[in-house]
Each structure stands twice: as structure tokens, then as C-alpha cells.
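A.B. asks: Spelled out, the chains give:
Number of protein chains: 2
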Amino acid sequence: DRPAPPSRRRRRRPPRRRRPLRRRRPPLSLPRPHPAAPPPRRRKPPPGPGGYGRGEGGDGVPGGAGARARRDGPSSRRRLRAAGAGGGGGGGGGGAQNEGGISPAWYPPGAEAKRGKVYLFKQEIDPMFYVPKRIADKSNELIVAVNDFHFAMMNDLPRNEFYRNALAQVITADSAIAEIGIGSGLLSMICASLGAKHVTGIEASKPLAQLAQLNITSNGLQDKITVLNAMSTDIRERDLKHGKVDVLVSEILGTLLLSENALEFNADAKRLLKSPGGHVIPRLGTQFVTLIESDRLDLITSARKWRGLDFRNFNQLKDTASLLFTKELGCRLCSLDPTNISERLPILEVDFAADKAGELPQRKILRTRALRDGTIHAAVFSWEVYSDLKKTHRMSTHYEETVDNFQRDMQWGQGIQLLEDPTQSESKNAPVPLLVKKGDHLIVEIRIAQEGAVMQCLVRRIPFQSPEEAPSSSTEPSTVDPQ
Amino acid sequence: DRPAPPSRRRRRRPPRRRRPLRRRRPPLSLPRPHPAAPPPRRRKPPPGPGGYGRGEGGDGVPGGAGARARRDGPSSRRRLRAAGAGGGGGGGGGGAQNEGGISPAWYPPGAEAKRGKVYLFKQEIDPMFYVPKRIADKSNELIVAVNDFHFAMMNDLPRNEFYRNALAQVITADSAIAEIGIGSGLLSMICASLGAKHVTGIEASKPLAQLAQLNITSNGLQDKITVLNAMSTDIRERDLKHGKVDVLVSEILGTLLLSENALEFNADAKRLLKSPGGHVIPRLGTQFVTLIESDRLDLITSARKWRGLDFRNFNQLKDTASLLFTKELGCRLCSLDPTNISERLPILEVDFAADKAGELPQRKILRTRALRDGTIHAAVFSWEVYSDLKKTHRMSTHYEETVDNFQRDMQWGQGIQLLEDPTQSESKNAPVPLLVKKGDHLIVEIRIAQEGAVMQCLVRRIPFQSPEEAPSSSTEPSTVDPQ
Chain A
1 DRPAPPSRRR RRRPPRRRRP LRRRRPPLSL PRPHPAAPPP RRRKPPPGPG
51 GYGRGEGGDG VPGGAGARAR RDGPSSRRRL RAAGAGGGGG GGGGGAQNEG
101 GISPAWYPPG AEAKRGKVYL FKQEIDPMFY VPKRIADKSN ELIVAVNDFH
151 FAMMNDLPRN EFYRNALAQV ITADSAIAEI GIGSGLLSMI CASLGAKHVT
201 GIEASKPLAQ LAQLNITSNG LQDKITVLNA MSTDIRERDL KHGKVDVLVS
251 EILGTLLLSE NALEFNADAK RLLKSPGGHV IPRLGTQFVT LIESDRLDLI
301 TSARKWRGLD FRNFNQLKDT ASLLFTKELG CRLCSLDPTN ISERLPILEV
351 DFAADKAGEL PQRKILRTRA LRDGTIHAAV FSWEVYSDLK KTHRMSTHYE
401 ETVDNFQRDM QWGQGIQLLE DPTQSESKNA PVPLLVKKGD HLIVEIRIAQ
451 EGAVMQCLVR RIPFQSPEEA PSSSTEPSTV DPQ
Chain B
1 DRPAPPSRRR RRRPPRRRRP LRRRRPPLSL PRPHPAAPPP RRRKPPPGPG
51 GYGRGEGGDG VPGGAGARAR RDGPSSRRRL RAAGAGGGGG GGGGGAQNEG
101 GISPAWYPPG AEAKRGKVYL FKQEIDPMFY VPKRIADKSN ELIVAVNDFH
151 FAMMNDLPRN EFYRNALAQV ITADSAIAEI GIGSGLLSMI CASLGAKHVT
201 GIEASKPLAQ LAQLNITSNG LQDKITVLNA MSTDIRERDL KHGKVDVLVS
251 EILGTLLLSE NALEFNADAK RLLKSPGGHV IPRLGTQFVT LIESDRLDLI
301 TSARKWRGLD FRNFNQLKDT ASLLFTKELG CRLCSLDPTN ISERLPILEV
351 DFAADKAGEL PQRKILRTRA LRDGTIHAAV FSWEVYSDLK KTHRMSTHYE
401 ETVDNFQRDM QWGQGIQLLE DPTQSESKNA PVPLLVKKGD HLIVEIRIAQ
451 EGAVMQCLVR RIPFQSPEEA PSSSTEPSTV DPQ
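Keeping their order, the protein sequence lines are chains A and B. The UniProt record's numbering applies: residue 1 is where the first sequence begins, and numbers increase by one. The UniProt record's numbering applies: residue 1 is where the second sequence begins, and numbers increase by one.
Just so you know, the hints here were simulated from the structure itself, not pulled from any lab data. Note that the coordinates shown come from a computational prediction; the quantities given were computed from them, not determined experimentally. It is possible that part of the hints are untrue.
Because identical chains share one entry, a pair is satisfied inside a single copy or across any pair of copies.
In silico DSBU-like cross-links for lysine-lysine, where the CA-CA straight-line distance does not exceed 30 Å [claimed, not checked]:
#, residue 1, residue 2
1, K305, K224
2, K270, K428
3, K391, K305
4, K206, K364
5, K133, K390
6, K197, K117
7, K206, K305
8, K305, K133
The shape of chain A in the complex, shown without the other chains (with noise of 0.2 Å):
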């Protein structure tokens, strides 16, 4: 029993290091604008440290965490925090340069375009673990993602059916289309079987490009739709079959709708649509937040009592600062018994045939008003979709929608971010529940960071009062600082 020669022990490799890929994650760095489009607007600086600002920070310029990661020696774990591979919904910005429109902050899992090393998925296992050969020397990074949403995704059959009823509203027989992020080659399979003219699938992922061909060519598509293997920011009109589309499709939406940078993605591809006036599917999204109750919830987020023994001061522990997905929590929303404590509150309404990433606000101001007395534990993140500006067809991940879509919270699910009632917490070093009557008014404060692909909560509630003691619009505070 001699150890093995060296040369065998090196080629030993650390266990793998399981970093479950959720689907649409934030991207890790703040995206850069277009840069022909106008400068972004600058930031509005938070309230002072009175009030919710952390005392320092939050006022500089988009692209800060970019620069610094660029700046940043390939060694450094800063960059690796902010551009490594395995985490954030396939990688952050850090990417080479492209030839096309933008420089995408945002690579989807596997792009070859993504700068940094590569490691492979027989590299991140045990070595006395079998790894069959079929993905041994893929992107662990894709293989972590598509076993993490892609065949749920696939399965959920209301999403494909969303986009087919989009698509058969546009696509005649001289449609030429172009869709960006093809993955297994469905979305563009469903243009051909429609009858269009032509698809260019654009895909980033050479291994998701080869099986999208496969598959292409299994249900003999294959003289209706080219496969390109390339981000869609470097397609120019030179590389589609027809010269400029019709109709553009993708299917980039997150866990919030803009985790996957579906607006700078669309207005980027818009160059390569025949007239302004052609389709984009989808064309429009709302981004919701709603309010809830759920003891269930509060089970599995807080310290209590058990037999007289009290372990309460645990509580000051608890994270109300962050966005979670809700894969993330290990079950699904609806199993939590939720109940809405306030409407469906839109936060962004968005125009992907219009609109520009870089012009997003960074702050909204909802008012509401509590439907019913309870705890409100946590805001439930949500959107919806339409194939049109008359919203002809409709997709939604609202957690009501989804109970009988289980596929969808397989790979969508919801955001979700605990909360405080934070005008009473910082002075007590510990969150105070935030307790409200049917009636109160609500005041929520959504931060909008990253071009919308991450969101953060804060909730102020305003007691209810006769109306005549309300108070008037115009003196209503236009923010949340604590008082």
C-alpha cells in the first residue's frame, strides 16, 4: 500500500464545489450602457444616515463594480466575486469585447464569450466519483444550469404555449425571425413549425448551439432555422440568411424580470429588426411586488420560545435586507400559505421594443393601503408579460398563477425579501415585526439596482386615520426614512 507516484497524486483535483446555478440571479456587475445611448441618469443619492443610507456609498456611477473588476489583476477575489464563473445566473460582466452593439454585462451560463477560465464538470466532481462521458468535459457552469431550470423550463407547456400564441399573431410565410438565446432550439423550432420564412437562432453556449441543431435537425428543421453560436450582441446584419428581421423573440427573463437583462439585450438587437415597427415578443412587462403574511414563512425566518427557555436574541441575526429566490428557500411560495396583506403593486412597467436599461429609475414610491389586519413577513417579487401592446396574450409568475404550474416555480419561481418594520428595529439592535391594521396606509419604497435586475423592499406604515386627520398627498413623506 505505497501512496501512488506524484505524477498520479497532481492529477487529483479538489472535490467539486457544488454552486447551484440558480436560473436569474442578479448579474454580478452593474451593467455598461450602449455607448451611443445617453449617459445614464445619475443616481439619486440615498437619505442620510439618519435615514436608510448606509452612511457611505450609494451615490456613485453605474459601472463602478465593472471598472473596479476590470481594474482588478485576473487573480484578484474581488474580480472573482464579481466576474467568476458557478454563481449569479451564468456570470457577470468582465467578457471580451464584442464586434456588434453592446458589451453585455450579463453572459448566460456557458458563453464562450465570458472571459475567465473554464472549468469543466469532471474537474468540480470527486474523482472517485463516475462521471458519464457525455458531459465530463462540458462547462460545469452549464451543466449546473441546466439541470438547475432548463428542463423544468422546457416542461413548463403554458410558457411554450405563451409564446406560441405570440408568435402565430405575427409570423406569415415571409416572416424572417431572429431569436436570441435559442438553448435547446424550442422557441425557434416553434417559428418554423408556424410556417415562417426563415430563423436565425442566436445561442451563446457552443455545447446549447450543437444540441439545438440536433434536436433542428431530428424534427427536420434544419433548411428553416440557422443555428448561430455567438452572443447577440455580435450579430450584425451581415450574419442572418435575409438581412434584418421581421420578428424578434427571446425568452431572457429571470426570477425578476430584468435579472437576465432583457431590456439591454432587446434594445441592443434591435438593430437587427427590418423597421422600428417590427415585433418584439414579448413586447411588454410589468415587474410586481406584493406584500404577504405567511406563518409558515415566519417558521423557518425566526427564533422563538420552546419550553420556557427564550431564544429571541437569535432574531437580531435575521436578514431582511436580501433578495431571495424562492428555489433558494426549498419549497414553493404557494406551500407557505400566503396571505396578501396589500394589492399587486406594479414597480415597473417596461417596453422591450422601446425602452433602454440605462434609463430606469432607481428608486420608486408606492403608496398603498393594508387590505387586512396581520404581520407582513416578507414582498413577494412577481411579474408579468404580454405578446403585445394590446396584450393579447399573457404570461405571469405570480405565486396565485403558478400553483398548478409547478414546472414554472421549478425554474421562475418568485423573489422574496423578508422584512422589518424599520422605524422601530435600528433603535431596538433587533427586527420588530411589522404589525399592521386593515386600512393603514402603506408606504413602499422599492430600490431598483443593477438596470432593474436587483430590487430591494422597505415598508413604512403610516396607522390608519379618520379622514379628516389623513394626511393630504402633498404632505405624505417621499421616502421611508425612519422617523
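Place chain B on chain A using the hints.
C.D. replies: For chain B alone, coordinates are given in the frame of chain A:
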């Protein structure tokens, strides 16, 4: 709208990258055995290239990854992947040398003894966002871990009752007790409330140790419990108020029984027991695997046909090698309507008072028979622990037994690995479903890496034959090489 001055700009930090810290991930490097322990047996080489072997590696000596991590400079990505903060249940090897017993291979989240840069919560969240002061300057790794599982764990009341019952059996007014990893102080407070003379609560994270002290004082138990902020491996007899103890209690159980290196920490801490006959709680544990069928699981892990289009080539990317934790799936295992195709098969039976991590097998071959016709979609890993040698009290993570224990599924859950038929898949470059008939002989090979912290399951089916045709046990293959 001029840009902020450079000094302010530099304060901007990269946006937060959420690395959800599942409790109970496999540790990130191979445990290094206790210096005094016998050298671990050399690993049995995997089958050759024609079998499950991977053509390289797989036959090195344990400790390779740790050694590699230590050879690399601190800025190496490899080192970060092997020992970085934030993932893998709290980080891996490369920690400081201890002065007591072993040099642990795994550090719990937030342990200050672990080497490497600590990222604070406020550094890991977008600078535009509000952060409560109480968590802003805490270790991000700690906050993520606490919010991922600590609250659910503390509210897993059957867990608390198991420990209370187990402790009540052995605690007298003369008992001196040590607890490894007190967290909120819950188990130490149970000991004190049961009338123990004194409890030493050992906690590696300073913020947790402080909060535990606060909880203990709030409950008036400060004279009964002494909190020590250290790794248990650094504690010596002189650190204990009454010298060596009568009872050693811990809850360092992972999603796999040994994911948090309970065997290693208990084996070390036995130094602190008065006699080899002292009580170790829990005393015994068994790791199980069960083969299941679940059409609902298959719905989110396979590509299919839809409206005449065939996407099944995409199944080439299916990951049948990785062990996931059910929390990563995004839904509870019991919600997937699983059916057991095999009995629950014991893999390892562990005595926490006697066994050593370095003596675990690296491979186990289990033989069983299919309970019914069906498709084996996955292997489910769950465990049982017992209070004492008589197994008076028992606690488990079996999905059948957590149906009414939501909190347990939200902290431990189960391990799950997708399966294919390996004897057919390699030649087809696609995973072939593992179809079985009732009575089929099943050969279940379990590969055990990192001293039990990670495992892999491989299943081969031998079609049922009439008794006279059935292979005798001597002719059954001793490993699961594809035919």
C-alpha cells in the same frame, strides 16, 4: 449631474453575489486525518476505462486536495474554490493550526479560526440598498448560513425533543457536559434546565457565541453554562471549568450524516471525556440510501416531446453524477410523490463514541431487489441517529417521516442524485432510464468520498430469473462495471 468625486466612487463595491449557503454541503477539501490516527487505507482504484473509471485520477491518496490548496498562493482561484468563504456549508480546509487535538478539515460558517478574508454582509449587498446595522458588520457567510437553516433548525421541535429525551437519560445533578457548536445555545440550555451541574458550550463563531451568551443570560442560566468561543479542536481539559466531562453532546449533522464531519469532531473531542465510557450524544447513526420513482421529479429533470416537436437530444446534458440537497431542488421531496422502488438500504453504521473518520470504507456494494415495476429516477440519501447503544430514542431525515416536519426539510432535507442505466448509456451518448421489473436484482454501488461527507450511487439491474437460473452470490459481480 456631474459624476461623484473619485473618492466616493471608489467606495462603491461590486454588487452582492448571493451564494446561498446550504447547511450541510459537503466540505470543500478532504479531511486530514488525526496525526495520531493510523494512516488511511489506500483507496481502492476505480475500475478501468471500460468501467466507471474516469480514465485519470481516482487512485490518489486522501489529503491531496488539502495539500494542493495549501501549496497554492492565497490569490489562486484553485485555492478559493477549495477553501473559499461562502459556500460549501461554511468553507473548507486551510484553517489555522489548532493547539488542541486535530486540525479540522471543515470549519463551520463564521468560524474565526478559518483562514482567509472575511467578507462582511454590507460588502456583499448592492451599495444602494439598506442594511440593518445589527447585521451590516457581521460575516456574510454567517448571516447567509443562519438565515438558510438556523431558524428552521431551532424550530424543528422533534429535533429539540430528541435531544432533550436523550440528555434526560444521562444527566444528573453531578453531570459536567460539553457541547460542540452551540449556535444559539439551545442544546446547552436544555442540559442546564435538566439539572446538569455545569455545561461548557463551545462555539467557533464569535457573533454566535455572543448571542448564545445573551440567550443564556436572558434565561438566567449564566451560572450553569460557560460559553467558549473557539473550535472544539482547540479546547483542552484546562479550559473546562470542572475538568473533563461526563457527557459530550453535539448536533453537527449534515444533510448526509457526516457532511459536517461529526465523526472527526467527536473523535477528537473524546479527549475531553472523563472516561471512555462517558456519554456521547447522539451515540449512533446510520446513513441510508433509497431508490425512488417520481414522475414529478422527472418532469423537471428531462426533455420530452411537445406538439410534435422532439427535444429529447437535450437529455445529453442531464447530470446523473452529482449529489444535490433537496433544498437546492426548490421543493420538498415529499411533494414530488415519490414511490420507493427499493427498501431503505443502510450504507454506513457509525458509533460516534468509537469510530474514526479515517477508517470509513470508500466503497460499499449493496444488493437488493426491486419492490415493484417502474423507473428508478433517483437515489435518496437520508439518515437516522440514536440516543444510545440501545437506540432508545431516534431521529431521522427520511422523507416519509418529515412529511409533518416542514422545518426539518427546510434545514436538513435529504440528498438526491438522479440515476440512469449506466450499462446502456455510455454507448448511446444519452442517459437511458433505469427501468426495473419487480423482483429484479439490483446491485447498488456507493462511492464514499471525503470521509463520508459526499457520496455517489450507481445502480445496475440484473433481470429477475427463476430460482434455478439465479446467480449464486459467488458469481454476482463484486462491482458495477457496465457489461
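A.B. asks: Does each hint hold? Answer for all of them.
C.D. replies: Hint check:
Taking the shortest Cα distances, K305 and K224 sit within 30 Å of each other only across copies (19 Å), while inside one copy they are farther apart (65 Å). For the homomeric pair K270 and K428, neither the shortest alpha-carbon distance inside one copy (52 Å) nor that between copies (41 Å) is at most 30 Å. Within a single copy, K391 and K305 get their C-alpha atoms only as close as 50 Å, which misses the 30 Å cut-off; across copies the closest is 29 Å, which meets it. In the homo-oligomer, the alpha carbons of K206 and K364 never lie at most 30 Å apart, since the shortest distance is 40 Å inside one protomer and 38 Å across protomers.
Taking the shortest alpha-carbon separations for K133 and K390, neither the intra-copy value of 49 Å nor the inter-copy value of 46 Å comes in at or below 30 Å. Taking the shortest alpha-carbon separations for K197 and K117, neither the intra-copy value of 39 Å nor the inter-copy value of 56 Å comes in at or below 30 Å. Within a single copy, K206 and K305 get their C-alpha atoms only as close as 54 Å, which misses the 30 Å cut-off; across copies the closest is 23 Å, which meets it. For the identical chains of this complex, K305 and K133 are inter-copy neighbours only, at 24 Å across copies versus 52 Å inside a copy, given an alpha-carbon limit of 30 Å.
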